[in-house]
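Colleague: Note that the protein sequences, when read in sequence, are chains C and Z. If you're matching positions, the first sequence starts at 452 in the numbering used here and goes up one per residue. If you're matching positions, the second sequence starts at 44 in the numbering used here and goes up one per residue.
Some hints could be false.
[To be verified] Chain Z stretches covered by chain C per the calculated footprint, using a threshold of three residues with CB under 8 Å from any CB of chain C:
(1) 130-137
(2) 215-225
(3) 304-314
(4) 324-333
(5) 344-354
(6) 378-390
(7) 485-496
[What the hints assert, rightly or not] Below, in silico cross-link-like pairs of lysine-lysine (DSS-like), each with a Cα-Cα straight-line distance of 25 Å or less:
(8) Z/K282 - C/K690
(9) Z/K187 - Z/K129
(10) C/K671 - Z/K282
(11) C/K515 - Z/K500
(12) C/K515 - Z/K511
(13) Z/K511 - Z/K129
(14) Z/K129 - Z/K223
No lab work stands behind these hints: they were computed from the structure. This one's a predicted model, so the numbers in the text were calculated from it and none came from an experiment. Just so you know, even glycine gets a beta-carbon here, dropped at the ideal spot from N, CA and C.
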Amino acid sequence: MQSNLSVDLDEVAKILSETLGDNRVTKEHFNGLETAEMGDAGFHRYDVVRVRIETEDQVAEVLKAASAYQWRVLPVGAGSQLHATHLGAGVDILLDLTSLNQIIDYSPEDMVVSVQAGVTLTNLQELLSTHKQMLPLDPVCRPGATLGGLIATAANGPRRTGYGTFRDVVAGVRVVYPSGDIMNFGGRVMKNVAGYDMTKLFIGSFGTLAVIVEAHLKLKPLPLHRETVTMQGRREDLKILQKRLVHSSLLPTRLEAVSSRVFQNGILSRSQIHHPWLLAIDCDENASAAAYQTSQLRTWADEMGLSIDVFQGVSADDLWTHYQESLLGFDFVLRLNIAPTLLWQIVTPLEKILGEAEGEGVFSLGMTTGVGRLYGKGLSFKVQEELVQQARGLVSEYAGSVVIEKAEPWLQEKVDVFGSIGDFQPWLQRIKDAIDPQNILSPGRFVGGMKNA
Amino acid sequence: MENQSGTNVLVEPTNPRDMRGKVKLSKAELVNSLVNIVGVHRVIHEPDYLRVYECDGYVARNGLPSAVVFPETTQEVAEIVRLLAKHQVPFLPRGAGTGLSGGATPLNGEVILNFARMNKLISVDLDNLRAVVQPGYINLTLSKEIDKDGFFYAPDPSSQSSSTIGGNVAENSGGAHCLKYGVTTNHVVAATVVLPTGEIAHIGTPFGDAVGYDLMGLFVGAEGTLGIVTEITVRIMKKPEAVKTVQAMYDSIAQASDTVSDIIRAGILPAAIEFMDKLAIQAVEKSSYHVGYPEDIEAILIIEVDGLTAGLEETTDKILDICRRHEVRTVKMATNANERALWWGNRKMAFGAMGQISPDYLVQDGSVPRTRLTEALARIQAMSRDAGLRIANVFHAGDGNLHPLILYDSANPEETERAIQTASKILKVCADLGGTITGEHGVGLEKLEEMRYVFNKTELEAQLALRKVFDPQNLCNAGKLIPLP
Numbered sequence: 452m453q454s455n456l457s458v459d460l461d462e463v464a465k466i467l468s469e470t471l472g473d474n475r476v477t478k479e480h481f482n483g484l485e486t487a488e489m490g491d492a493g494f495h496r497y498d499v500v501r502v503r504i505e506t507e508d509q510v511a512e513v514l515k516a517a518s519a520y521q522w523r524v525l526p527v528g529a530g531s532q533l534h535a536t537h538l539g540a541g542v543d544i545l546l547d548l549t550s551l552n553q554i555i556d557y558s559p560e561d562m563v564v565s566v567q568a569g570v571t572l573t574n575l576q577e578l579l580s581t582h583k584q585m586l587p588l589d590p591v592c593r594p595g596a597t598l599g600g601l602i603a604t605a606a607n608g609p610r611r612t613g614y615g616t617f618r619d620v621v622a623g624v625r626v627v628y629p630s631g632d633i634m635n636f637g638g639r640v641m642k643n644v645a646g647y648d649m650t651k652l653f654i655g656s657f658g659t660l661a662v663i664v665e666a667h668l669k670l671k672p673l674p675l676h677r678e679t680v681t682m683q684g685r686r687e688d689l690k691i692l693q694k695r696l697v698h699s700s701l702l703p704t705r706l707e708a709v710s711s712r713v714f715q716n717g718i719l720s721r722s723q724i725h726h727p728w729l730l731a732i733d734c735d736e737n738a739s740a741a742a743y744q745t746s747q748l749r750t751w752a753d754e755m756g757l758s759i760d761v762f763q764g765v766s767a768d769d770l771w772t773h774y775q776e777s778l779l780g781f782d783f784v785l786r787l788n789i790a791p792t793l794l795w796q797i798v799t800p801l802e803k804i805l806g807e808a809e810g811e812g813v814f815s816l817g818m819t820t821g822v823g824r825l826y827g828k829g830l831s832f833k834v835q836e837e838l839v840q841q842a843r844g845l846v847s848e849y850a851g852s853v854v855i856e857k858a859e860p861w862l863q864e865k866v867d868v869f870g871s872i873g874d875f876q877p878w879l880q881r882i883k884d885a886i887d888p889q890n891i892l893s894p895g896r897f898v899g900g901m902k903n904a
Numbered sequence: 044m045e046n047q048s049g050t051n052v053l054v055e056p057t058n059p060r061d062m063r064g065k066v067k068l069s070k071a072e073l074v075n076s077l078v079n080i081v082g083v084h085r086v087i088h089e090p091d092y093l094r095v096y097e098c099d100g101y102v103a104r105n106g107l108p109s110a111v112v113f114p115e116t117t118q119e120v121a122e123i124v125r126l127l128a129k130h131q132v133p134f135l136p137r138g139a140g141t142g143l144s145g146g147a148t149p150l151n152g153e154v155i156l157n158f159a160r161m162n163k164l165i166s167v168d169l170d171n172l173r174a175v176v177q178p179g180y181i182n183l184t185l186s187k188e189i190d191k192d193g194f195f196y197a198p199d200p201s202s203q204s205s206s207t208i209g210g211n212v213a214e215n216s217g218g219a220h221c222l223k224y225g226v227t228t229n230h231v232v233a234a235t236v237v238l239p240t241g242e243i244a245h246i247g248t249p250f251g252d253a254v255g256y257d258l259m260g261l262f263v264g265a266e267g268t269l270g271i272v273t274e275i276t277v278r279i280m281k282k283p284e285a286v287k288t289v290q291a292m293y294d295s296i297a298q299a300s301d302t303v304s305d306i307i308r309a310g311i312l313p314a315a316i317e318f319m320d321k322l323a324i325q326a327v328e329k330s331s332y333h334v335g336y337p338e339d340i341e342a343i344l345i346i347e348v349d350g351l352t353a354g355l356e357e358t359t360d361k362i363l364d365i366c367r368r369h370e371v372r373t374v375k376m377a378t379n380a381n382e383r384a385l386w387w388g389n390r391k392m393a394f395g396a397m398g399q400i401s402p403d404y405l406v407q408d409g410s411v412p413r414t415r416l417t418e419a420l421a422r423i424q425a426m427s428r429d430a431g432l433r434i435a436n437v438f439h440a441g442d443g444n445l446h447p448l449i450l451y452d453s454a455n456p457e458e459t460e461r462a463i464q465t466a467s468k469i470l471k472v473c474a475d476l477g478g479t480i481t482g483e484h485g486v487g488l489e490k491l492e493e494m495r496y497v498f499n500k501t502e503l504e505a506q507l508a509l510r511k512v513f514d515p516q517n518l519c520n521a522g523k524l525i526p527l528p
């Protein structure tokens with residue numbers, strides 16, 4: 452976890468300055484996280500060389516040098532996902548891609564945009580909205596989060612219910628291999644089966660295989676009418692509602708069971724909160740279809756005695772912005788992957804632990820995706836560890852998994868971020884070895900077998 | 044399925060290879076070893092019976108397998124593969140053999156693992172929107188099975204009444220409705236696989252995101268070169284409440300393809316937009332699925348939208364309006380399910396109907412950005428004139444996936460060669476227009492050389508390096524998908 456003593460960072464800086472120019476290379480302290488919001492206290496602070504990249508050729512230059520000299524390189528954008536996994540053996544170079552931030556090609560009629568890795572999701576959505584389009588993904592992330600970082604960590608949010616995840620929207624990537632070779636996989640077309648679907652490998656690879664410098668993204672029309680319905684009730688009633696929704700023809704694009712207090716102060720007043728849980732149900736169809744969906748939900752609410760609130764247009768947007776901003780403030784995030792109908796079963800014992808602990812914990816459970824998240828704040832490390840172990844014990848019976856998406860390095864050192872990995876683990880290591888034989892890219896940042904040699 | 048043309052030269056089965064001093068099995072020993080695993084009734088080895096397996100839906104090249112074996116369980120598949128790997132006998136998996144690019148054609152005397160007996164639906168979980176199937180299970184059977192509960196499996200290749208889900212996984216099959224619903228890779232979430240070394244692994248995850256690199260994503264579309272899927276978990280969906288189908292006839296190809304762009308620009312996401320040109324229409328009108336299209340129209344669009352009944356009329360009104368703005372000759376909506384079924388039957392018959400107007404045809408499936416469709420079609424027309432060959436176009440216009448059908452007579456070797464050359468040129472044009480050489484039919488044997496239009500040497504080497512991770516001995520469907528640099 453320290454800087455590599457055999458690497459002289461002054462020498463690294465000197466060599467890179469000669470290639471790229473002085474103004475791109477600086478030496479700085481690094482604590483393994485870029486976000487000030489996380490507890491720092493000098494944890495594993497060490498020196499690194501930061502290289503600010505402006506062209507993909509510069510990425511290639513750095514990687515070639517790194518391969519030649521055995522330097523360890525961490526590609527970073529805004530650093531907003533660095534808390535997702537700890538950095539194992541440490542790094543020598545931060546490959547800062549935030550200035551590689553051009554929109555290369557945007558063709559609204561093709562519903563495809565090609566962006567460089569440093570383009571932020573916020574800026575991209577703004578541009579797309581002027582053409583009434585969107586990237587249909589809504590991970591909980593800071594406004595500065597870059598597409599490169601979000602793709603590399605396969606970040607996702609509630610919209611995966613209706614639109615899927617990065618693996619469904621990235622049509623192709625341009626990557627730089629550790630060898631310095633620049634390669635294109637996939638493309639700008641909707642359907643493409645030429646060769647292996649290499650693009651999938653890089654999505655969610657945490658920067659351990661190659662540096663993504665450009666991505667081709669499939670877009671969707673911006674829903675002209677937005678409508679979100681929240682329904683509160685007893686847990687047993689919400690379970691029934693979940694089943695009714697799955698068996699209905701309704702078209703929710705987001706369908707989350709959320710701790711009601713996530714929406715407290717801002718969306719729902721205290722007097723509007725009647726139960727600890729609510730279902731938030733989105734409709735991105737046109738106004739007539741949304742009205743129908745809402746009327747159907749109203750009927751069910753009446754039948755079951757659930758309280759219902761309807762948000763339209765800007766107020767629906769506000770609800771989800773509030774969701775994002777509120778959850779961003781939590782410093783501990785666990786992702787549960789399990790059959791949607793089993794989510795409730797896993798959550799109950801976790802609620803019990805939270806109930807007896809100092810601090811706060813809220814949930815957001817994808818009612819058709821089976822992706823549930825626990826967001827914690829002010830929890831002791833002991834409680835965090837207990838939550839992880841408890842959740843892993845519970846899901847293990849059902850072939851589910853529990854991943855720590857956000858935590859301080861302390862916990863990540865003690866408890867494996869990814870948990871048990873399946874019988875395919877040897878092949879993950881072999882893929883890593885085939886693409887990055889010298890292990891220069893993000894060493895130790897990935898699943899169990901990816902430890903630094 | 045016997046080869047009836049008699050013009051194809053059968054390749055003699057090569058003996059199992061003898062490399063690195065490993066024990067070489069004689070054909071008899073090989074067959075005996077296979078019989079030991081699965082029993083005598085599940086191994087075919089007599090040349091007359093092996094001929095059925097000399098090629099798949101791509102008939103231009105063929106070869107005889109060493110044997111065909113019918114496993115029934117993952118364990119049997121693993122045992123067979125371990126045996127073959129140990130003796131370095133090449134092998135390949137085969138579903139229904141409907142592939143269009145030669146992915147299941149044995150050119151190295153492979154042992155074929157035929158999945159006809161692994162054709163069960165293992166489980167359905169409607170509440171969690173998942174089904175688990177064996178690889179030999181037929182695509183359409185799944186949708187039929189869950190139809191009574193109002194669910195369906197979205198990927199719908201035209202071959203769906205006979206092609207298997209295992210084969211669909213290998214090819215990453217698309218279909219008419221993937222404009223809205225995506226292709227196979229978007230619907231396959233987990234699988235049990237037997238790797239080319241005979242080891243068993245469980246990849247992907249039924250729910251959420253798998254831990255580690257996306258091996259499931261890598262396996263879909265790998266054309267059976269990285270391993271063999273033996274159990275597949277797929278996502279199933281609730282059927283849309285309502286469907287509306289629009290048929291629009293045009294006097295100009297350009298107006299038809301501009302209509303497609305305008306529909307998308309208007310923020311409408313149809314479930315499907317299908318295009319047929321004049322020659323294709325003439326062919327299908329001679330088939331049993333004739334709709335009664337006028338002979339002189341240049342293009343037809345079939346546009347389908349689905350969703351909640353309440354919002355559909357608004358959407359179809361917009362579509363009708365866009366069609367009219369593009370000088371459509373006539374545009375109408377299907378008035379009932381029978382009419383819709385006729386229009387679709389007519390469209391899905393198109394490949395087969397080519398037999399009505401030509402002794403043979405070659406089908407390609409290059410893909411271009413939607414906005415380049417008009418240009419691509421014009422260039423295909425020019426190539427048709429230059430080559431003196433008729434080319435019909437039937438394709439998924441919504442996602443820019445072309446299906447030019449090049450008509451020729453295989454009795455004329457010179458014309459055959461000209462047809463093959465023209466097909467390759469069309470793929471070059473697709474690549475040059477920012478598209479690719481195959482949208483859904485796969486590379487297989489057919490488009491190996493054309494891979495160089497879209498990948499440079501380094502990119503091909505990178506893919507071969509990945510293949511080697513899984514298949515170090517190069518035994519599993521070797522020679523397909525990626526050309527040697």
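Colleague: Does each hint hold? Answer for all of them.
Modeller: Hint-by-hint comparison with the structure:
{"no.": "1", "hint": "130-137", "result": "violated (count 0)"}
{"no.": "2", "hint": "215-225", "result": "holds (count 5)"}
{"no.": "3", "hint": "304-314", "result": "holds (count 6)"}
{"no.": "4", "hint": "324-333", "result": "violated (count 0)"}
{"no.": "5", "hint": "344-354", "result": "holds (count 5)"}
{"no.": "6", "hint": "378-390", "result": "violated (count 0)"}
{"no.": "7", "hint": "485-496", "result": "holds (count 4)"}
{"no.": "8", "hint": "Z/K282 - C/K690", "result": "holds (22 Å)"}
{"no.": "9", "hint": "Z/K187 - Z/K129", "result": "violated (41 Å)"}
{"no.": "10", "hint": "C/K671 - Z/K282", "result": "holds (21 Å)"}
{"no.": "11", "hint": "C/K515 - Z/K500", "result": "holds (19 Å)"}
{"no.": "12", "hint": "C/K515 - Z/K511", "result": "holds (24 Å)"}
{"no.": "13", "hint": "Z/K511 - Z/K129", "result": "holds (16 Å)"}
{"no.": "14", "hint": "Z/K129 - Z/K223", "result": "violated (45 Å)"}
Going down the numbered hints, you'll see the structure goes against 1, 4, 6, 9 and 14, while the others check out.
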